[in-house]
Amino acid sequence: MFINTKIQVQNIRKGFPSDDGRLDVIDDLDFTVGDAEFVAIVGPSGCGKTTLMNIMAGFLAPDSGGVHVDGVLRNGADRKGIMITQQGSVFPWLTVRQNLLFGLPDDMPEREQRAREYAELVGLKGFENNYPHELSGGMLKRAEIARALVVKPEILYMDEPFSALDALMSLRMQNELLRILAKERHTVMLITHDVEEAIHLADRILVLSPRPARIQATFHVPFPHPRRVSRPECQELRVAILKELGVTEPV
Amino acid sequence: MKFLRQSLPSIIVIAVVVALWWVTVVVTESVIFPTPGQVVSGTLELARDGTLWEHIGASLFRVGAGFGLAVLFAIPLGLWMGWVHGAFVTLNPLFQILRPISPIAWIPIAILWFGVGDASPIYLIFIASVFPMIVQTTVGVHTIEKRYLRAAENFGVPRGKLFRKVVFPATLPQIIVGMRIGLGVAWLVVVAAEMIALRSGLGYMIIDSRNAGNRYDLVIAGMIIIGLIGLALDGIMRLLENMKSVRWRYVH
Numbered sequence: 001m002f003i004n005t006k007i008q009v010q011n012i013r014k015g016f017p018s019d020d021g022r023l024d025v026i027d028d029l030d031f032t033v034g035d036a037e038f039v040a041i042v043g044p045s046g047c048g049k050t051t052l053m054n055i056m057a058g059f060l061a062p063d064s065g066g067v068h069v070d071g072v073l074r075n076g077a078d079r080k081g082i083m084i085t086q087q088g089s090v091f092p093w094l095t096v097r098q099n100l101l102f103g104l105p106d107d108m109p110e111r112e113q114r115a116r117e118y119a120e121l122v123g124l125k126g127f128e129n130n131y132p133h134e135l136s137g138g139m140l141k142r143a144e145i146a147r148a149l150v151v152k153p154e155i156l157y158m159d160e161p162f163s164a165l166d167a168l169m170s171l172r173m174q175n176e177l178l179r180i181l182a183k184e185r186h187t188v189m190l191i192t193h194d195v196e197e198a199i200h201l202a203d204r205i206l207v208l209s210p211r212p213a214r215i216q217a218t219f220h221v222p223f224p225h226p227r228r229v230s231r232p233e234c235q236e237l238r239v240a241i242l243k244e245l246g247v248t249e250p251v
Numbered sequence: 001m002k003f004l005r006q007s008l009p010s011i012i013v014i015a016v017v018v019a020l021w022w023v024t025v026v027v028t029e030s031v032i033f034p035t036p037g038q039v040v041s042g043t044l045e046l047a048r049d050g051t052l053w054e055h056i057g058a059s060l061f062r063v064g065a066g067f068g069l070a071v072l073f074a075i076p077l078g079l080w081m082g083w084v085h086g087a088f089v090t091l092n093p094l095f096q097i098l099r100p101i102s103p104i105a106w107i108p109i110a111i112l113w114f115g116v117g118d119a120s121p122i123y124l125i126f127i128a129s130v131f132p133m134i135v136q137t138t139v140g141v142h143t144i145e146k147r148y149l150r151a152a153e154n155f156g157v158p159r160g161k162l163f164r165k166v167v168f169p170a171t172l173p174q175i176i177v178g179m180r181i182g183l184g185v186a187w188l189v190v191v192a193a194e195m196i197a198l199r200s201g202l203g204y205m206i207i208d209s210r211n212a213g214n215r216y217d218l219v220i221a222g223m224i225i226i227g228l229i230g231l232a233l234d235g236i237m238r239l240l241e242n243m244k245s246v247r248w249r250y251v252h
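One line per chain: the protein sequences are A and R, in this order.
The numbers in our numbering rise by one with no breaks, and the one at position 202 of the first sequence is 202.
The numbers in our numbering rise by one with no breaks, and the one at position 89 of the second sequence is 89.
No lab work stands behind these hints, which were simulated from the structure alone.
Ideal Cβ positions, reconstructed from N, Cα and C, are used throughout, including at glycine.
Just so you know, not all the hints are guaranteed correct.
As the list claims (entries may be wrong) - Okay, derived cross-link-like pairs now, BS3-like style, lysine-lysine, Cα gap no bigger than 25 angstroms in a straight line:
id : chain 1 : residue 1 : chain 2 : residue 2
1  : R       : Lys161    : R       : Lys244
2  : R       : Lys146    : A       : Lys80
3  : A       : Lys80     : A       : Lys183
4  : A       : Lys152    : A       : Lys125
5  : R       : Lys165    : A       : Lys125
6  : A       : Lys125    : R       : Lys244
7  : R       : Lys146    : R       : Lys165
8  : R       : Lys2      : R       : Lys244
9  : A       : Lys80     : R       : Lys165
10 : A       : Lys152    : A       : Lys183
11 : R       : Lys146    : A       : Lys152
12 : R       : Lys161    : A       : Lys80
13 : A       : Lys183    : A       : Lys243
14 : R       : Lys161    : R       : Lys146
15 : R       : Lys146    : R       : Lys244
16 : A       : Lys152    : R       : Lys165
17 : R       : Lys161    : A       : Lys152
18 : R       : Lys165    : R       : Lys244
19 : A       : Lys183    : A       : Lys125
Said to hold, decoys possible - In silico negatives: residues of chain A with every beta carbon more than 12 angstroms from chain R:
id : residue
20 : Phe16
21 : Gly21
22 : Glu112
23 : Glu196
24 : Arg214
25 : Cys234
Generate coordinates for the entire structure from the input sequences, incorporating the hints supplied.
Below, the structure written as structure tokens:
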């Protein structure tokens, strides 16, 4: 299904110095992500998911091993892959419009047009001149997604992007994301602790072990979009993933 | 209406203080200490013959010049010290030693270097207001949240744009706090500086009124005008805090 490899994570290890010597966070992770594939990573909290994402996006260097994007060894972050985090990083001192313009070169003739287009795409038309503190949590998340998409990145790194939102808004944003991804091709890496969110969105789900992180199990999600997570197949998958995470539900 | 209701208690307090002052002067039959009425008529007298405006103008000019120079010096320096670690470790100790020295202590040196003209008080105001602004600006850069710097790094914008769109605006609320502190001390210092060897300004007016015939009505008039102008200056700085592009720092 995904013929071309977009990202290749090759035997990466990462540890941090700690009070009692050394804390190994990632232990020999090795996997590939296909072009336009949507891969979700779930794992127990504190297992090193965020560290992995920071290494993949180029904000952190691994101790050993490497990340190749389109066959080129990653060396620092760049606009080819944009990170979206739980806290968000929409600049509060710029308006929505100025935030969207931020990543576009100043001498780009169609930048205003492009910013308008993406504000509209995420449903922020009419709010372009508002400051972030005047927006709701959901709208702020839309602004962040628009700011990432407007530079036409090939990869989106999403670290618990919707966790700070309430359940209803989180679900709404998941649907929005799917709608946008159906229009634009992106490779997506998603970190989440929400198994249903992973099943709803991803093509493949990697379950990480407790620290130091290793890939403990891989699940494919072959169901076509739009998915109803309440379908029995989805629920079966959910139970299987939760079991990997050490949670068994009473039947 | 809401403004009136909010400020009513403070207006009452001020009125009570003025009334107590008035009653005390009348009861003690003081010859030298003036009543509020005498202060007002003394002020009107100075306003009519124009000297009041000259003194106010002279003080404001000195503050404007000294504070303006300090802003031009402190903000770029503070941004640089905040951004470049080496600049911070090199310069910060020096500023931490200079900062606690009262500007008043600089008066003899100011006179030695700049004589008794306008340059001395301008220098003193500069010295008084430059350090708080350097410190606040540096702190402002140091406290930019990492997630914003990371986002900027992610989009890979050129250095100039990074400063223009991220570092400076992220620091601006702290810069404004520094400017508020700086202007406050500048106004304190100009009055003190003018009490020495100058022939104009509100500080001079106070000292001169006492020396030339114990005109305590004008001494108190000068004090009250200093207070009111200080309040107005702070009000202007507070307007800056209401700009939409810095409000994010204050709303939560």
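Quick rundown of the hints versus the structure:
| no. | hint | result |
| --- | --- | --- |
| 1 | R/Lys161 with R/Lys244 | holds, 20 angstroms |
| 2 | R/Lys146 with A/Lys80 | holds, 20 angstroms |
| 3 | A/Lys80 with A/Lys183 | holds, 18 angstroms |
| 4 | A/Lys152 with A/Lys125 | holds, 19 angstroms |
| 5 | R/Lys165 with A/Lys125 | holds, 23 angstroms |
| 6 | A/Lys125 with R/Lys244 | holds, 20 angstroms |
| 7 | R/Lys146 with R/Lys165 | holds, 15 angstroms |
| 8 | R/Lys2 with R/Lys244 | holds, 23 angstroms |
| 9 | A/Lys80 with R/Lys165 | holds, 21 angstroms |
| 10 | A/Lys152 with A/Lys183 | holds, 12 angstroms |
| 11 | R/Lys146 with A/Lys152 | holds, 24 angstroms |
| 12 | R/Lys161 with A/Lys80 | holds, 19 angstroms |
| 13 | A/Lys183 with A/Lys243 | violated, 35 angstroms |
| 14 | R/Lys161 with R/Lys146 | holds, 17 angstroms |
| 15 | R/Lys146 with R/Lys244 | holds, 22 angstroms |
| 16 | A/Lys152 with R/Lys165 | holds, 21 angstroms |
| 17 | R/Lys161 with A/Lys152 | holds, 20 angstroms |
| 18 | R/Lys165 with R/Lys244 | holds, 15 angstroms |
| 19 | A/Lys183 with A/Lys125 | holds, 18 angstroms |
| 20 | Phe16 | holds, 16 angstroms |
| 21 | Gly21 | holds, 26 angstroms |
| 22 | Glu112 | holds, 16 angstroms |
| 23 | Glu196 | holds, 27 angstroms |
| 24 | Arg214 | holds, 27 angstroms |
| 25 | Cys234 | holds, 33 angstroms |
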